[in-house]
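Number of protein chains: 2
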Amino acid sequence: MVNPFNAPQRILLGPGPSNIDARILKAMHTPLLGHLDPLYLQCMNDIQNMLRAVFETTNRVTLSISGTGGAGMEACIANLVEEGEEVLVCVNGFFGQRVAEMVERWGGKPIRVDAEWGHPLDMQKVRDAYARSSARIVTMVHAETSTGTRQPIEDLQLLRQIRDAIFIVDSVTSLGAQPVGIDRNGIDASYSCSQKGIGAPPGLSPVTFSERALDKIKKRNSRPRCWYLDIELIDKYWSAEHAYHHTAPILMNYALREALAIILEEGLQERWERHKRNSALFVAGIESMGLRMLAAEEHRLWTLNAVRIPEGVDDARVRTRLLNEYNIEIGSGFGALKGKIWRVGLMGSGSTENNIVLLLELLRKILKQEGAKLP
Amino acid sequence: MVNPFNAPQRILLGPGPSNIDARILKAMHTPLLGHLDPLYLQCMNDIQNMLRAVFETTNRVTLSISGTGGAGMEACIANLVEEGEEVLVCVNGFFGQRVAEMVERWGGKPIRVDAEWGHPLDMQKVRDAYARSSARIVTMVHAETSTGTRQPIEDLQLLRQIRDAIFIVDSVTSLGAQPVGIDRNGIDASYSCSQKGIGAPPGLSPVTFSERALDKIKKRNSRPRCWYLDIELIDKYWSAEHAYHHTAPILMNYALREALAIILEEGLQERWERHKRNSALFVAGIESMGLRMLAAEEHRLWTLNAVRIPEGVDDARVRTRLLNEYNIEIGSGFGALKGKIWRVGLMGSGSTENNIVLLLELLRKILKQEGAKLP
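Residue numbers (this note's numbering), protein chains in the order written: chain A, 1 to 375; chain B, 376 to 750.
Note that these hints are calculated values from the structure, not bench results. Only a predicted model underlies this, so the values are computations on that prediction, with no experimental measurement involved. All C-beta atoms in this analysis are idealised placements derived from N, C-alpha and C, irrespective of residue type, glycine included. Treat the hints with care, since some could be wrong.
Pairwise CB distance ranges (calculated) [unchecked claim]:
# : chain 1 : residue 1 : chain 2 : residue 2 : range
1 : B       : 745       : A       : 266       : 45 to 53 Å
2 : B       : 539       : A       : 116       : 27 to 35 Å
3 : B       : 690       : A       : 41        : 16 to 24 Å
4 : B       : 527       : A       : 184       : 36 to 44 Å
5 : A       : 236       : B       : 748       : 35 to 43 Å
6 : B       : 539       : A       : 308       : 49 to 57 Å
Partial selection, computed: residues in chain B whose CB lies under 8 Å from chain A [stated by the list, open to error]:
#  : residue
7  : 382
8  : 387
9  : 408
10 : 418
11 : 419
12 : 428
13 : 431
14 : 481
15 : 592
16 : 602
17 : 626
18 : 632
19 : 659
20 : 660
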């Protein structure tokens, strides 16, 4: 006999996953269907329609890749970037860096524009670099999960004044929790994840591709190598033809459908407002404790709140105490920010006043016990 | 309000997914943990240990890829095949053909050895082709889902008498239901899926890589392009280091862990016997109805039973009636076998005498109503 796997009920306030709504677990109990069952095909259609609403797009090719957010990132890069092609890659955190690595892996030439982690990119610098390069693809991370920084993406499309471009935007930590506005912002390809702002369990990656992006893919000199992430094949599986590509993760898609229904019932605007309000509440509590946020107010994410760890406080010890004594998970920093910040996720059904009140009180208590000087 | 998604309780006897044990759904209700939570890491370890038992291997790198079976196939090809390298690809069905396509996509030169769909490869032909080629990789589909044919893999390792080789074996429709024997059969890499013989929902792909395979990957001239399926990165995420790669599909891994526990509690030998016994029972019923199986007895899979559709019977109509009137799903044929066979999956918790009795009786009834002449 293998021991059953048990887990305590954690409050997940890290970079993701967040806790999931009980409705989603219930939806995963919907009887399993075959992946080409006419009833299941309706579930796929529903997902596509609701994803379009959440991405704020009319893009036909809007669907969920059967892999996690990283698979979505790679689907964008592997399909859009051609051998030897320059790609302008904006980097101000771990995930921007990952995009640069992926561009390189796929034979592209990343032209990096960097900003300090925790700060947004300077759009003038981006503009200058774009003008100097021959790139026709620009990548940008809307919500940098590693730093809690929001990159304004509204002005990205102004680069088209210089030369036409394909814009790829990472919306992993923003979609469903703060506005992404694919069509409004002229974005051609974006990838997100089923967890975080969407609120389903991790495992899927919603993506959207504009006609302009699909056109670039169609005109490639060679077919994209990766079969699993070939967006033309995946599109044929999701669209009316339903040409067999792989066997979809059925229960995960049930979960995603329910998560999207929850989002639309709450209302996009209301949901964004809730995330904004709760993030502000958390920040106010943190600052009243004498602690400071990493990102400046106007560039802070509402989903992922990066708090500077006060001098002399043991990062791991505080997180371990929260986890072991109180069943609360918060995230650590990455790379250069390791030991420097805590990452507090207030996303999806986890973005509640209850969670914030609880975390702030326990954090205050632990920090005092650990000898931090608080006001 | 979005309408809730409902589905009837289907009996899934197609090529997969099969119905899942209620214990697995229960396991998916285990509270969600963070993917780097020490408790979750234990769940990953358990999965690795149990997968080794089911693959019958001591391979350290035995884990579950966060994508479906096709992702596992591509992980093997993309990591092992180098630019310009000849690969001996055995093809006797749709999935062997897909391997050939993937080898080509990844820059390899597939040297095909073909057999008619529904027949196994002739090992002498394979041997001759291997001797003539310069290939150092040989791929073979153990259980061809498109035809219900089992390819004997015991003699594969005899090819090493000619020249050392890496053997990649597709065990998508055999693992957990009939013996694969990775170590015993000298196989270097194999991929399967979480559904079918394993019995969890679709979405994950168990894989195993021998030290010899890892060594070939380490000695590559260039890094494999695909980041999401880079086995060295995935290994670092699963092994003691737990270096962040992606956020695992936590609930799917809870499900996989439980499915593997169910397999080991039943006992591998007992489980194989059950699948063999039930397949024989089904075949006896089919033959007593005057119908015939596609594959010869000694090369039939126990999991996927391909029945020749009697002359004059409308393939789609019979399947649609089974689905709509009786909530039973069976599969259609692929490619050259479209309209020629039905594919009946008796896999995991779906391999029961009850399901067989029910399907045979309803099939007999429908076939008579559709005007087929049965004894």
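inquiry  = Just to be careful: measuring from the Cβ of residue 431 of chain B to every Cβ in chain A, is the smallest value less than 8 Å?
reply    = With Cβ-Cβ at 17 Å, over 8 Å, it is violated.
request  = Determine whether the Cβ-Cβ distance between residue 236 of chain A and residue 748 of chain B falls within the hinted range of 35 to 43 Å.
outcome  = Between residue 236 of chain A and residue 748 of chain B, where Cβ atoms are some 39 Å apart, the hint holds.
message = Using the nearest Cβ pair, does residue 660 of chain B come within less than 8 Å of chain A?
response = Cβ of residue 660 of chain B sits 22 Å from chain A, so the hint is violated.
ask   = Does the CB of residue 602 of chain B sit less than 8 Å away from some CB of chain A?
value = Cβ of residue 602 of chain B sits 5 Å from chain A, so the hint holds.
ask   = Honestly, do residue 539 of chain B and residue 308 of chain A meet the 49 to 57 Å range at C-beta?
value = At 56 Å between Cβs, range holds.
request  = For the range 16 to 24 Å, tell me whether the beta carbons of residue 690 of chain B and residue 41 of chain A fit it or not.
outcome  = 19 Å, holds
request  = Let me know if the C-beta of residue 382 of chain B comes in closer than 8 Å to any C-beta of chain A, holds or violated.
outcome  = 5 Å, holds
query = Does residue 632 of chain B meet its interface restraint, that is, does its C-beta lie within less than 8 Å of any C-beta in chain A?
reply = 6 Å, holds
Hint check: 8 Å Cβ-Cβ cutoff, residue 418 of chain B to chain A = 6 Å, holds
inquiry  = Given the hint of 36 to 44 Å, is the C-beta distance from residue 527 of chain B to residue 184 of chain A inside that range or not?
reply    = At roughly 59 Å between Cβ atoms, residue 184 of chain A and residue 527 of chain B fall outside 36 to 44 Å, so the hint is violated.
inquiry  = Quick check on a hinted range of 45 to 53 Å for residue 745 of chain B and residue 266 of chain A, using CB atoms only.
reply    = Once the Cβ atoms are compared, 50 Å apart, the range 45 to 53 Å for residue 266 of chain A and residue 745 of chain B holds.
ask   = Should the hint that residue 481 of chain B touches chain A count as held when the rule is a Cβ pair under 8 Å?
value = 6 Å, holds
Consistency with the previously given hints fails for numbers 2, 4, 11, 12, 13, 15, 19 and 20, ordered from lowest to highest.
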